[in-house]
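K.L.:
Protein chains in written order, with this note's numbering: chain A, 16 to 285; chain B, 16 to 285.
Please note that the accuracy of each hint is not assured.
As the list makes no split between identical chains, a pair holds if one copy fits it or if it spans any two.
[What the hints assert, rightly or not] With a Cα cut of at most 27 Å, we get these calculated DSSO-like pairs of lysine-lysine:
1) Lys141 <-> Lys235
2) Lys199 <-> Lys251
3) Lys195 <-> Lys177
4) Lys251 <-> Lys195
It should be emphasised that the hints constitute simulated quantities derived from the structure, not laboratory data.
Number of protein chains: 2
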Amino acid sequence: MISRRGFLGLVGALAATAVLGCSGKTVQQNATVTAHASLPKLPWPYKTLDPDHVADIAYESYMHHHCMYGVFNAVVTALGEEVGYPYTVFPTQIAIYGKGGVVGWATLCGALNGAAMATYLVLPEKQADQVINELYAWYQYEPLPNYVPKKPVKADLNPFPKSVANSPLCHVSVTNWCKKTGYKAFSAERAERCGRLTADVAKKLVELLNAVHEGSFTPKYSLDSRTQSCRGCHCKGSTLEDTRGKMACWTCHTKEGAIRIEDLKNHPKV
Amino acid sequence: MISRRGFLGLVGALAATAVLGCSGKTVQQNATVTAHASLPKLPWPYKTLDPDHVADIAYESYMHHHCMYGVFNAVVTALGEEVGYPYTVFPTQIAIYGKGGVVGWATLCGALNGAAMATYLVLPEKQADQVINELYAWYQYEPLPNYVPKKPVKADLNPFPKSVANSPLCHVSVTNWCKKTGYKAFSAERAERCGRLTADVAKKLVELLNAVHEGSFTPKYSLDSRTQSCRGCHCKGSTLEDTRGKMACWTCHTKEGAIRIEDLKNHPKV
Numbered sequence: 016m017i018s019r020r021g022f023l024g025l026v027g028a029l030a031a032t033a034v035l036g037c038s039g040k041t042v043q044q045n046a047t048v049t050a051h052a053s054l055p056k057l058p059w060p061y062k063t064l065d066p067d068h069v070a071d072i073a074y075e076s077y078m079h080h081h082c083m084y085g086v087f088n089a090v091v092t093a094l095g096e097e098v099g100y101p102y103t104v105f106p107t108q109i110a111i112y113g114k115g116g117v118v119g120w121a122t123l124c125g126a127l128n129g130a131a132m133a134t135y136l137v138l139p140e141k142q143a144d145q146v147i148n149e150l151y152a153w154y155q156y157e158p159l160p161n162y163v164p165k166k167p168v169k170a171d172l173n174p175f176p177k178s179v180a181n182s183p184l185c186h187v188s189v190t191n192w193c194k195k196t197g198y199k200a201f202s203a204e205r206a207e208r209c210g211r212l213t214a215d216v217a218k219k220l221v222e223l224l225n226a227v228h229e230g231s232f233t234p235k236y237s238l239d240s241r242t243q244s245c246r247g248c249h250c251k252g253s254t255l256e257d258t259r260g261k262m263a264c265w266t267c268h269t270k271e272g273a274i275r276i277e278d279l280k281n282h283p284k285v
Numbered sequence: 016m017i018s019r020r021g022f023l024g025l026v027g028a029l030a031a032t033a034v035l036g037c038s039g040k041t042v043q044q045n046a047t048v049t050a051h052a053s054l055p056k057l058p059w060p061y062k063t064l065d066p067d068h069v070a071d072i073a074y075e076s077y078m079h080h081h082c083m084y085g086v087f088n089a090v091v092t093a094l095g096e097e098v099g100y101p102y103t104v105f106p107t108q109i110a111i112y113g114k115g116g117v118v119g120w121a122t123l124c125g126a127l128n129g130a131a132m133a134t135y136l137v138l139p140e141k142q143a144d145q146v147i148n149e150l151y152a153w154y155q156y157e158p159l160p161n162y163v164p165k166k167p168v169k170a171d172l173n174p175f176p177k178s179v180a181n182s183p184l185c186h187v188s189v190t191n192w193c194k195k196t197g198y199k200a201f202s203a204e205r206a207e208r209c210g211r212l213t214a215d216v217a218k219k220l221v222e223l224l225n226a227v228h229e230g231s232f233t234p235k236y237s238l239d240s241r242t243q244s245c246r247g248c249h250c251k252g253s254t255l256e257d258t259r260g261k262m263a264c265w266t267c268h269t270k271e272g273a274i275r276i277e278d279l280k281n282h283p284k285v
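Produce the complete structure using the sequences and hints provided.
P.N.:
As structure tokens, this is what we get:
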């Protein structure tokens with residue numbers, strides 16, 4: 016199966032190359048332009064996917080090239096199976112960069128980075144933003160990971176310990192899990208946790224994309240009331256308007272948050 | 016100009032479509048696969064670019080689709096001009112999602128997100144990671160923005176006020192600039208600041224990519240000594256090993272950091 020756009024592009028390419036090919040002349044430059052001009056503009060066609068199948072691909076892909084590639088490659092591979100071109104020719108290795116919150120900087124969770132990128136492949140801007148908002152809020156507040164692989168690769172704990180990230184950031188998400196479980200940030204258990212979480216994010220994303228595709232999408236997660244209260248004075252249209260963002264404020268900016276004032280008081284170096 | 020890989024792919028496509036076209040049969044499915052199989056694997060060929068030209072494109076692209084698209088589209092467009100295919104067919108609109116730290120979540124600075132993605136288009140993993148490490152460290156510690164557009168779009172301040180982000184995160188970077196300048200987070204001045212910063216990031220990235228291409232790349236920015244000290248107890252191979260990342264720790268985790276303990280004590284709601 017090919018899309019309408021893909022088919023029209025193909026017709027142009029076929030017509031041009033057939034004529035050129037039959038003429039027997041050297042037509043390299045022209046034909047290149049014509050044959051490659053058919054890659055369609057975004058968004059590309061979507062078909063309902065099996066969330067559990069995509070989760071399996073994401074877990075496996077994580078083990079090859081980490082978190083961002085895990086989610087992105089899973090969605091593109093599954094769409095390659097269902098839709099075919101142009102998903103089959105997209106170089107998904109571009110998404111490897113998001114590993115460890117971008118090459119280990121621990122900024123944005125790579126699974127979430129890959130999910131947002133995949134969303135922009137398949138939805139127009141306004142709908143994509145709604146899906147990403149829903150996914151990121153879910154990630155902040157949901158105990159994860161939930162995914163159980165058929166064959167665990169890095170570590171086999173049963174039950175596998177969960178934590179709530181309280182943030183879309185890799186640093187906060189990983190450290191919260193380490194503090195709760197006692198496992199180290201570079202342990203096999205932590206790698207397993209991120210692999211399963213990658214599968215969870217891919218599955219949730221596909222559930223949301225399926226819902227949009229089928230006309231049944233309704234956002235369930237809003238920002239928590241404390242964060243909304245903060246935004247009332249600090250975000251768009253407020254008195255101060257000195258910040259922007261939707262990350263949970265209290266994760267960092269409170270006495271009981273991840274950056275605990277009491278911890279700092281007793282810390283030897285600050 | 017086309018690459019060796021692109022040329023070989025083209026030869027296959029031409030051969031197939033020419034034969035199929037001459038036969039006059041319905042060959043839709045076969046020809047699709049053959050004609051589109053030529054998109055090369057990463058990394059794609061690089062040519063030395065003019066950093067100032069890329070900065071101009073980045074500033075203009077920011078004004079169309081924000082920060083991540085600004086950097087990514089600038090690099091891909093410039094390589095499209097110098098190298099041609101496959102840059103000319105890449106759907107750069109995929110990078111719009113990084114706007115405002117991913118659709119306004121204020122996580123990773125979109126300019127940095129787009130820069131990392133562009134780097135993975137043109138360099139193999141190990142070299143790409145070195146360039147991204149250098150770029151992100153530079154961004155953390157450099158007073159920005161430096162870029163001066165020929166025709167300012169959002170606001171024309173002279174001199175344009177700078178700040179040091181102390182972080183690769185959109186939230187911290189924007190709020191630090193707002194606190195220093197007094198401009199609001201959704202003001203035209205802040206949008207202008209992010210547009211100029213997008214041009215700065217694109218220019219710096221191209222300077223680094225050119226250096227790698229010409230064999231003269233040597234990292235100049237290391238993590239600051241306080242952050243390295245923190246990592247000694249908290250990061251890979253340490254006693255605690257309860258975190259990961261390269262973001263400056265003290266930006267958040269100190270008394271004088273962005274999350275000031277004294278501020279919190281006097282804050283009405285925490």
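K.L.:
Checking lysine 195 and lysine 177: alpha-carbon separation at most 27 Å within a copy, between copies, both or neither?
P.N.:
within (8 Å within a copy, 40 Å between copies)
K.L.:
Within a copy, between copies, both or neither: where do lysine 251 and lysine 195 come within 27 Å Cα-Cα?
P.N.:
For lysine 251 and lysine 195, the Cα distance is within 27 Å only across copies (18 Å; inside one copy 35 Å).
K.L.:
Regarding lysine 199 and lysine 251, is the shortest C-alpha distance of 27 Å or less found within a copy, between copies, in both, or in neither?
P.N.:
Between copies only: 9 Å across chains, 39 Å inside a chain, cut-off 27 Å.
K.L.:
Check lysine 141 against lysine 235 for me: Cα-Cα at most 27 Å, and say if that holds within a copy, between copies, both or neither.
P.N.:
within (17 Å within a copy, 41 Å between copies)
No hint from the list above goes unmet by this structure.
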